[in-house]
Amino acid sequence: MKKIRTRFAPSPTGYMHIGNLRTALYAYLIAKKDHGDFILRIEDTDQGRLVEGATDIIYDTLKQCGLQHDEGPDVGGDFGPYVQSDRMRSGIYKEHAHKLIEMGKAHYCFCKAEDLAKMREEAGDSFYFIDPCNDLSKEQIQEKLNNHEEYCIRLNVDDEGTTSFTDEIYGTITVDNKTLDEMVLLKSDGFPTYNFANVIDDHLMEITDVVRGNEYLSSTPKYNLIYEAFGWDIPRYIHCPPVMKDEHQKLSKRNGDASFQDLVDKGYLPEAILNYIALLGWAPSEDREIYTLEELAQAFDVKRIGTTGAIFDIDKLTWMNGVYIRSMEMEKYYELVKPYIQEVLEDRYDYKLVGDAIHDRINTLSEIRDMISFLDHPEAYDDDIYTNKKAKTDPVLAKEILPKVYETLQGISEWNNDEIFAKLAEKASEEGLKNITMMYPLQVALSGRSVAAGGATAIASILGKEETLSRLKAAIDKLN
RNA sequence: GGUCAGUUGGUGAAACGGUUAACACAUCGCCCUCUCAAGGCGACAUUCACGGGUUCGAAUCCCGUACUGAUCACCA
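In terms of the working numbering, the first sequence is residues 5 to 484.
Hints are computed from structural coordinates only; laboratory data are not their basis. Some clues are possibly wrong.
[Stated by the list, open to error] List time: in silico DSS-like cross-link candidates among lysine-lysine, alpha-carbon distance up to 27 Å:
| id | residue 1 | residue 2 |
| --- | --- | --- |
| 1 | 182 | 109 |
| 2 | 336 | 356 |
| 3 | 408 | 431 |
| 4 | 438 | 396 |
| 5 | 427 | 356 |
| 6 | 182 | 122 |
[As the list claims (entries may be wrong)] The following label-pair restraints were derived from C-beta to C-beta distances:
| id | residue 1 | residue 2 | range |
| --- | --- | --- | --- |
| 7 | 194 | 374 | 53 to 63 Å |
| 8 | 287 | 384 | 46 to 56 Å |
| 9 | 217 | 453 | 41 to 51 Å |
| 10 | 298 | 7 | 43 to 53 Å |
Because the structure is a prediction, the values reported are computed rather than measured. All C-beta atoms, glycine included, are put in the ideal place defined by N, C-alpha and C.
Build out the structure end to end from the sequences listed, making use of the hints.
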């Protein structure tokens with residue numbers, strides 16, 4: 005069996021959206037499942053749409069995601085992406101277009117693009133283009149060529165019959181050849197059209213499985229006409245349903261939807277994003293949702309890709325991101341969290357202790373900023389927050405309890421969370437109080453907040469004995 | 001408008017002619033607990049867009065209707 009080769013062929017628009025990334029992921033997984041090759045090819049044949057730095061965004065995103073391509077031009081010892089505008093310099097697209105003319109499968113067209121656009125506009129929906137250039141004689145064509153008249157090259161299409169193909173997801177689709185127009189292969193600026201370059205490159209790069217968005221489903225028969233004209237093998241087609249913003253709209257830059265980079269900036273992990281989007285439009289055969297990239301490649305099955313657009317649900321991604329955070333190695337977690345913590349606290353407290361306190365409480369890294377504000381010195385707060393019905397506390401009771409807490413804490417020599425908790429719990433039981441009745445007032449005294457990640461003892465352990473005692477003293481004074 | 005495709009809960013989805021229609025997110029309860037989380041347990045579609053048909057039996061097969069999307073460029 006031939007080695008599987010897939011490719012991701014984006015046009016550089018300067019924005020890597022989630023739907024695109026997922027297409028790249030699927031192409032990657034399909035290749036890797038069978039130890040095949042994954043190729044990156046930038047399709048930039050539209051000179052009017054060039055965006056500065058757009059290729060880098062695509063390249064960097066794939067790299068961050070671990071979707072490494074297996075070949076490409078040498079870029080400082082690394083594989084760069086194939087770029088169509090570079091490939092064009094060798095003249096391959098032009099050559100192939102002219103070859104089709106020689107074979108009698110394509111023809112020169114001297115119609116002006118502006119004129120066609122005008123005709124189309126006037127005719128509206130009923131527009132049907134029959135290229136008059138089909139009727140030109142050899143001599144007429146040669147004469148126009150000699151006069152350097154602008155031309156494009158169009159594929160010859162026979163109106164008779166039907167064309168059908170099989171998509172791995174949507175099944176067999178048949179269309180009337182009458183609905184297929186004589187597509188432009190080579191534009192008058194000498195550039196190939198996307199459709200043409202796409203077919204030439206896919207064939208030359210020996211792509212076995214064409215993975216792309218289902219918006220290409222209806223134009224696939226046109227592609228096949230090109231393959232057939234050359235007598236080439238038609239690849240396996242895998243058209244993926246779109247990733248939607250809501251019931252009606254796709255996720256897109258125009259709608260201001262988050263790109264991959266936006267999500268990363270919001271504190272989502274690339275692994276979690278990839279894992280989540282794999283599940284948009286594909287379902288594993290086993291009852292499981294958390295997969296590494298390698299595991300996805302193992303489990304992936306084209307047959308289980310769905311046919312309907314899936315709505316991107318940020319809540320589920322958030323949950324999954326939390327799963328990744330909670331299950332990663334602690335050392336890795338500390339490193340990840342460190343810059344976010346230091347951004348707010350600088351070096352005032354041990355970032356690992358802070359990390360421990362919030363570990364089970366964050367789903368995204370960017371939540372850290374707000375969450376650790378409980379470590380700020382309590383400015384002004386209302387004593388009413390001592391009132392808590394679960395702890396059965398109020399300011400009056402707090403005033404009674406806090407001095408006992410102070411005394412207990414003062415006697416602790418080994419200052420860490422466990423020790424602090426143990427001693428306070430012991431004291432609580434001596435006093436015949438529930439733990440919470442003692443802990444809650446401490447939390448309020450130290451943070452000035454009714455909600456603080458980690459709880460009273462975690463805050464105390466982070467603050468250190470001196471700072472804890474000083475804040476506690478201030479809180480007691482405040483109550484008097 | 002022509003052509004092509006799709007339609008299971010708020011969301012992602014499973015099921016491949018016979019189940020109480022899995023599972024996960026979200027939501028809502030309860031438990032645990034040092035607040036909040038995390039974790040545990042439970043509730044949440046009498047029903048698979050609608051209408052017919054085939055069948056002992058249909059979310060699953062067939063035919064219509066409705067709705068949604070894609071496509072009809074010298075854009076990709």
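Results of checking the hints against the structure:
1. Of the pairs offered as hints, the one joining residue 182 and residue 109 holds, with about 17 Å between alpha carbons and a cut-off of 27 Å not exceeded.
2. Only pairs whose Cα atoms come within 27 Å are accepted, and residue 336 paired with residue 356 is accepted, the gap being roughly 11 Å.
3. Between residue 408 and residue 431 the CA atoms are separated by roughly 8 Å; this keeps the pair inside 27 Å, and the hint holds.
4. Between residue 438 and residue 396 the alpha-carbon distance is near 9 Å, which keeps this suggested pair within the 27 Å criterion.
5. Distance restraint check for residue 427 and residue 356: the Cα-Cα separation of roughly 23 Å lies within the 27 Å cut-off, and the hinted pair is therefore satisfied.
6. Distance restraint check for residue 182 and residue 122: the Cα-Cα separation of roughly 22 Å lies within the 27 Å cut-off, and the hinted pair is therefore satisfied.
7. Between residue 194 and residue 374 the beta carbons are some 56 Å apart, a value that agrees with the proposed interval 53 to 63 Å.
8. Between residue 287 and residue 384 the CB atoms are about 53 Å apart, so this pair conforms to the stated range of 46 to 56 Å.
9. Hint check: residue 217 to residue 453, Cβ distance near 48 Å, so the stated range 41 to 51 Å holds.
10. At about 19 Å, the beta-carbon gap between residue 298 and residue 7 misses the expected band of 43 to 53 Å.
Of the numbered hints stated above, the single one contradicted by the structure is hint 10.
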